[in-house]
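Undergrad: So the chains spell out like this:
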Amino acid sequence: DGGITQSPKYLFRKEGQNVTLSCEQNLNHDAMYWYRQDPGQGLRLIYYSQIVNDFQKGDIAEGYSVSREKKESFPLTVTSAQKNPTAFYLCASSMLAGNEQFFGPGTRLTVL
Amino acid sequence: GQQLNQSPQSMFIQEGEDVSMNCTSSSIFNTWLWYKQDPGEGPVLLIALYKAGELTSNGRLTAQFGITRKDSFLNISASIPSDVGIYFCAGPGQGAQKLVFGQGTRLTINP
Numbered sequence: 006d007g008g009i010t011q012s013p014k015y016l017f018r019k020e021g022q023n024v025t026l027s028c029e030q031n032l033n034h035d036a037m038y039w040y041r042q043d044p045g046q047g048l049r050l051i052y053y054s055q056i057v058n059d060f061q062k063g064d065i066a067e068g069y070s071v072s073r074e075k076k077e078s079f080p081l082t083v084t085s086a087q088k089n090p091t092a093f094y095l096c097a098s099s100m101l102a103g104n105e106q107f108f109g110p111g112t113r114l115t116v117l
Numbered sequence: 019g020q021q022l023n024q025s026p027q028s029m030f031i032q033e034g035e036d037v038s039m040n041c042t043s044s045s046i047f048n049t050w051l052w053y054k055q056d057p058g059e060g061p062v063l064l065i066a067l068y069k070a071g072e073l074t075s076n077g078r079l080t081a082q083f084g085i086t087r088k089d090s091f092l093n094i095s096a097s098i099p100s101d102v103g104i105y106f107c108a109g110p111g112q113g114a115q116k117l118v119f120g121q122g123t124r125l126t127i128n129p
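If you're matching them up, the sequences are chains G and Z in order.
If you count by the numbering used here, then the first sequence holds residues 6 to 117, one letter each, in order.
If you count by the numbering used here, then the second sequence holds residues 19 to 129, one letter each, in order.
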């Protein structure tokens, strides 16, 4: 089955630790995206990548980093510099940048 | 930057009622997308609209691409409990490198 997987579904970390969220897609999509969602809020774009080995900052990139070494994978690292990291993180992909995006199931990160 | 305004922000209805929500922009969009997000899950694409005036249905859902290309509407007929969730509209932003999302309409259904 084609789709987007995010793991784990729930993640707990201590304050001050970096943590990496996984996102994998087997849809052969060129573009991938990371969003943050806070309770009762909409989606805010963190980073996006239109092609392998290239990525751009979104609206709230501070305290986050990404890599795009493979077409299928777009991991997001939440660094200790992110002041309020507890949130629901969503990964998405699209055939081309600007096309319809398909979302993964999300990872809920809680920093204690 | 471009913004999409969704209305209403939240709706509380009785099961069986019809639902209408809309999305407006100050700039033209060439594509309108409607997503639904269940609690604790990722958004799922419901309907995609590509042409001004287009009316598209997906089961009990019907969406329309406004003639001015600055708005879109989503209607749900005969609501059922599984319709509960947040509905987002979206469209390609300037430069078409990413999507712009509305803030969502939260639908709650009383049985």
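Warning: the hint list may mix true and false statements.
[Claimed, not checked] A few chain Z positions that, by computed beta-carbon distances, are all more than 10 Å from chain G:
#1 S38
#2 N40
#3 P61
#4 R78
#5 L79
#6 D101
#7 V102
#8 A108
#9 A114
#10 Q121
[To be verified] Here are some of the chain G residues that sit facing chain Z, going by a computed Cβ distance under 8 Å:
#11 G47
#12 L48
#13 Q55
#14 G111
Simulated from the structure, these hints should not be mistaken for lab results.
All C-beta atoms in this analysis are idealised placements derived from N, C-alpha and C, irrespective of residue type, glycine included.
Undergrad: Run every hint past the structure and note whether it holds.
TA: Going through the hints against the structure:
1. S38: About 20 Å separates Z/S38 from the closest Cβ of chain G, which puts it past 10 Å; holds.
2. N40: holds (16 Å)
3. P61: violated (5 Å)
4. R78: holds (21 Å)
5. L79: Fine: 16 Å to the nearest Cβ keeps Z/L79 off the interface.
6. D101: holds (19 Å)
7. V102: Answer for Z/V102: holds, closest chain G Cβ roughly 14 Å.
8. A108: violated (8 Å)
9. A114: At about 3 Å from chain G, Z/A114 fails to clear the 10 Å cut-off, so the statement is violated.
10. Q121: Violated, because the least Cβ-Cβ distance between Z/Q121 and chain G comes to about 4 Å, which does not exceed 10 Å.
11. G47: holds (4 Å)
12. L48: holds (5 Å)
13. Q55: holds (6 Å)
14. G111: Where the cut-off is 8 Å and the nearest Cβ of chain Z is about 5 Å from G/G111, the hint holds.
In this structure, the hints that do not hold are numbers 3, 8, 9 and 10, in rising order.
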